[in-house]
Every structure is written in structure tokens, then in C-alpha cells.
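Listed below, chain by chain, are the residues.
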Amino acid sequence: MKTHLLPALRLTLALLLVCCVAYPALVWAGAQLAPNSGQGETIRHNGRVVGYANVGQKFDRPEYFNSRPSAVDYNASGSAGSNKGPSNPEYLATVHTRVEAFLSQNPTVKRADVPAELVTASGSGLDPHLSPAGAYAQVERVARLRKLPVAQVRALVAAHIEEPLIVFFGPAKVNVLRLNLALDSLQGR
Amino acid sequence: MTNELLGIGSMYLLTLVLALPLGAYLARVFRGEKNLLDFMRPVENGIFRVAGIDAQREMSWQQHMLALLTINLVWFLLAMLILCTQGSLPLNPDGNPSMSPDLAFNTAISFLVNCNLQHYSGESGLSYLSQIVVITFLQFVTAATGLAAAVVVFNALQSRTTEKLGNFYNYFVKSLTRLLLPGALLIALVLAFNGTPMTLQGKQQLITLQGDSVAVSRGPVAAMVAIKELGTNGGGFFGANSAHPLENPNYLTNAVENIALCIIPFAMVFALGFYLQRRRLAYMIFGVMTIGFMALLAPTVYYELHGNPAITSLGINQNLGALEGKEIRFGAAASAYWSITNTVISCGSINSMHDSFMPLSGMNQLLGMMTNAFYGGCGVGLLNFFAYLIIAVFIAGLMVGRTPEFLGKKIEAREMKIAVIVTLLHPLLILAGTALAAHTYAGNPTEYAGWLANPGFHGFSEMLYEFTSSSANNGSGFEGLGDNTPFWNISTGVVLLLSRYLPIIGPVAIAGLLARKKYIPESAGTLRADTATFGVMVLTVIIIVAALAFFPALALGPLAEHFGLY
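Order-wise, the sequence lines are chains A and B.
Counting with the numbering used here, you get residues 1 to 189 for the letters of the first sequence.
Counting with the numbering used here, you get residues 1 to 566 for the letters of the second sequence.
If you are wondering where the hints come from, they were derived from the structure by calculation, not from laboratory data.
Ideal Cβ placement from N, Cα and C applies to all residues, glycine included.
Mixed in with the good hints there might be a few duds.
To be verified - One side of the interface only, derived from the structure: several residues of chain B facing chain A at Cβ under 8 Å:
| no. | residue |
| --- | --- |
| 1 | Gln62 |
| 2 | Leu66 |
| 3 | Ser121 |
| 4 | Leu314 |
| 5 | Gly315 |
| 6 | Gly331 |
| 7 | Met358 |
If we strip away everything but chain A, and leave its shape as in the complex, we get:
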């Protein structure tokens, strides 16, 4: 072991320079050319940063499109899922409560149309998206509370649907923050 110890120490030193100095520096330099120079894409509104495009935030006020339940309450200094197993009775009771709450807030929506994502927590607790169905199910409530025509709000959702990658791959989705921003802008807020 002794014959290998000195080379091991010196090799570790050399590799620290390569893997922990040169490599991150190269990635950092490359990232400077990326949009927002490697800081993550932020969104500004009325002159201030209101969030990251990719990091979901809490929308629980009824006049906004609500985001999904979150195990960390959208506190982005951490991240986690609920880790509830599919047969956990306590968890299933929570889901049931969420379904009833959604139905009472959105009386025009049929039970069979309540989107599962609005009653289940995401993996990160910071999911920035809803499915198109998840947004459409909230249109009538939002329109009613904001005194906007339903058709106008529906059109706004349609305009915010992000198609699957190169049309074919993966699910379609709606960025909740962008949608709610557009909604606020519509009313000049």
C-alpha cells in the first residue's frame, strides 16, 4: 500500500485541479453565453423580479390559476415530494378533502373533470406547470372572480399551452406563473 500512497496523493491533487477548478470554470464560462448568464431565468413584472420561470410558486388565492399541492409549500429554499404511498389511508383522505374543496370552489366543474394533478403533490414541491386540463378546469372560477368574459380567459389559457417537444414528444403543459402574469397584465395590475 505504501508504494501506492504517494502517487495516490499526488494524483488526487492533480485531479482536483482538473475536475474542481478547470472543469467548473469552463462550464461557468460557457454558461455566461446562455440566457440570463447561468443565473436561471427570472421573470420581471412592474419593475421587480417576481419569480423564476422554471420554479413553481404558490398560487392559492382563488382569483389566480392555482398551482399544484406542494409538500414544501413552494418554499424554494428546499424541495421534496410528499412520499406518500398509494395505499396510505391518511393520504387518500387528504386527496379526498382536496377534491371536495376544489368542487366547492369550482361549482360548475363536474367531479369526473377534476384534474388529478390539482389534488396530488408534485415530485419537487416546486412544479411550475399544470396540464391544459388542469388550467381549463379553473377558467370559469377565475373569470367569475375577475369579472372577465369566460371566452377571454379560455383564450388566454389556449395561448399559454406549451406544445410537446418538437410536437411529438412528452406532455403539453401550461406555465402557471406566466399564465397568471398575463391575467394580471390583462387587467392592468
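Based on these hints, arrange chain B on the given structure of chain A.
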């Protein structure tokens, strides 16, 4: 649903298309032939000069293992030192504290052995210095360690008789300079251009549109995530790993990360074929691995796309499948695909919470780690498979009444003993560990109430998963388990150590012993290892040895939960 299936189908095909030429390239690199990245030679020579290493000196298999273990010990001490003092070291903008000794032990071991089991959350548990110098560093060098060990085995399986099996440092450094560093750089840039942060600034405070005050964690994420996947490490920068929207911002980055973690294990199988000029053998191995992989993948995708029956009975719209613990931008199919690729391959990163998958999906994730040889980890997957191969050769030899031979070398009692010890170690560690935990828990459920997030069969699955993941050096978890306690930190730490080094040393020793033996040219009486018949034989051995040993434990956990739910 069609879009989701198209997505995962094309991910698999693209990985395959890229892995074939990469395998040919790797064979050239490790044979020392002319290749695309020869311009890296000055860098390699510089590294060898600083380290004072003669990269041409040939080593025996024992010298290889000694070199490997010594440098691993150095890395362990380095990691312990930094993790225990990170609170007072620079590059800690969020002011995160130093780790407790038992947590530092678990973390250092877990990254040292390429497992990346995490009993902390990156946002609050590590400084940026630790993320770079401990985590990113170990993610590079442990992947290269696995590759170097695999190349030693390649070298030993050639048709000749020798003690000399190349130079460990040469294989190790070339794995870094010719594969991992350039590959990771490419992936990191793709991530950075899609919104993954690469910054040394701390959390950003902001007021959301609705008026809540939040802090958003950031950091040098892109550099770390790239090697996390490419080196089949799997430990996330953030607590939620690749489910986190900054660590994995969209469907494209998800595909890039998923392909990255599959490509080296795929390519190494092909590299074996090119290296030994036995391409049929490589296709046989790849075929067996693919059958095993698909058998686990298909039911998982099915169950996730069809949603949770207990939620279906609430009468709501579950068209998108089971969404608890999943992200909308990936969907149920890509989450299921990711979970199976990450468990058959010992990467263990996650883009959705495995704890919330349907019971049989969870069982398939467990089976991926229990067999641990369908593609498998960076280099080491092939070593595990090699142990199964040896057993299959032996049994097949006995069945037809011939002396067992593999690639022109006789398999004798010594090799068999090592192969059997290596393959039985895995169920022993998993089952004994789970039994110990279950016994401890059952002895005093109130004291250990913090362990399990779910009652009943699922709670048992959480403990079973933790030991399976540790022993497979996988690193994913049923994260409902409250695992940052001395019991879990120390018990899984010990399992991690045993299950990394013995399964490397064992197969390398077998290969080293075989290399010394006289080469017997193939004749009409030789049992051919590169046929479909032999492939079926290997698959049978894997099912008997790996899967059946675990059946009783699976019956108590996921199977029982499944029949209660459906």
C-alpha cells in the same frame, strides 16, 4: 398518451444509436489506438508528471486492486475532512452548517462508492465547496474507477496467458480525459442553456406575484448534474434531485440526462465486443440485459399511466396517470422510464418520487437493483454480469458433462467460489439489513415512529428499498424513510462499503486468475458463450440467484400492497 410513449421510445432508440459508436471509440481508447481525442494527451501527460506515475508500467490484478483501494482511502479522508468542517470553510453563501460525524461518514462513503445515497438535502446540507470538491469530484473519479476495473477484466479475457494486465492509472485517467470530462462539459452546457443555474451566488430572496416571500436556492448546478448522470452517480444537487425544476428544467433536458446515464453502461457492453473482437458475445450480453430491462419497464409504464385505483374510485379525471410525486413537464411515462433506467443502472437519480409509485412499479424498481446487472453501473454493471456469466458457464458445463470453459479458459473451484460469494453477498446484505431494521422497528414502534412515512406493507417496502439501494450502490430511495439517524447512517454506510469493493475485487480476481491459465483454442467440444441458448441460460441463472432469493421479502412488501389496492 401517444406523445408520452413516443417520447420514451425515442429516448431508448437514441441511446442505442449513440452507444454503438461510443463503444467502438472506448475500445480504441483503452487499447491505446489512435482516436478522436488524442489532443488530450498533453493533459494526461501533465497529470502523470504531477502525480509521478509511469503509466506504461504493467500491473498484476493484485497491484491493480491495491492501487484502487489506496486512492479510494485518500478520497474518503478528503471527503470526511471537508464535510465535517464545511461550515467554517469558504464558498458557503447560505451559511450551511458542518455535518454531524455519522452523517458525514454516510455521505463520504456513499459518494466514494458511486452510490450517492443522500441522507441530507443539498439546499441546506452542503456548502458550494462541498458540492464541488467532495460531490462533483467523487462523481468523476468513482465513475472512472469503475471503468478502469472493467477494462482490467477486458484485458484479462484476451486469448493469451499473462500476469500483466495494463496500468490502473492509465485506464483511470483516460476514462476521465477521454470520456467523462468532455462528455460532462457538453451535457453541462446543454443544461445551462436550458435554464439550469451555474453560479456561486447564494439563495435569492424574492416576493412572488401573489405576494409571498420566498428564497430560491441556486448554485453551481449544471456542472454537477452533468457528471451526476454521465457517471451513473445519481446524487442530486437539490433535495428533489432531477425532479427539481432547476436541476431538470424541461423535457429536452430530461431526455439528455436520461440518455447520459444510460449511455456508458450500454456502450461498455459494446466496447467489450470490440475490445476482445467478440462482437457476438457482446450482442448476447446486451440481449439478455435488454430482455430483463424491458420486462421491468413495460409493467411499470402500464401501471403509472393507468393511475392509482384508490384515486380512480374518487371519480376524478386521472387521464394523465398517477401524478403523486411526479412533475407535469415529464408526465407519467417518462417518469416510469426514468425510474426503471435508474434502478437497473446503478445511477439512482430520480425525476419523480419512487415512494409514491404504484406497488408493482416499486417492485420493479427493487428488482432492477436486486439483479443489478441489466446494464448496471459505470463499469461495475458489467462486472456484476460477469459473475453471473461465470456461474452460468459452470452450471451449463455440468449439465452437458464438459469441463466448464469461458473464452478458452477453464473455470475451476476457486473462480466459482469467488463468483458465488460475490453474487450471494448482495441478497445477504439486503435481507439481513432489512430484517435487522424491521426487528428494531417492531420492537418499539413508538420510539422509531419517525422512520416510516407510510403504515403497513408500504412501510416495510421503505426499509427494504433503503437496504436494496445501498447494497446495489444505487442511491435512490423511498424518501419517506426518516433516514438521517445513526442507525441508518451507520448500517447503510457499512453495507455500501462491502457491496462496492467486494463486487469489484471478486470479478477482477476471477479475471486475473483466468488470465494466468493456459489458453485452450476453441474446438467442436467447446461450450460457446456467444449463442442465444447460452443467453437463456444466463438469464435463468440471474432469475434464480437474484430474483427468487428476494421473493419472500417482495411478497411482504409491494406484492401484499398491490393485492390490497387492486
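How the hints compare with the structure:
1. Gln62: violated (11 Å)
2. Leu66: Cβ of B/Leu66 sits 6 Å from chain A, so the hint holds.
3. Ser121: The hint holds - B/Ser121 has a Cβ within 8 Å of chain A, the shortest such distance being about 6 Å.
4. Leu314: holds (6 Å)
5. Gly315: holds (5 Å)
6. Gly331: holds (4 Å)
7. Met358: With a closest approach of 6 Å, the B/Met358 hint holds.
In the structure shown, a violation is registered for the earlier hint numbered 1 alone.
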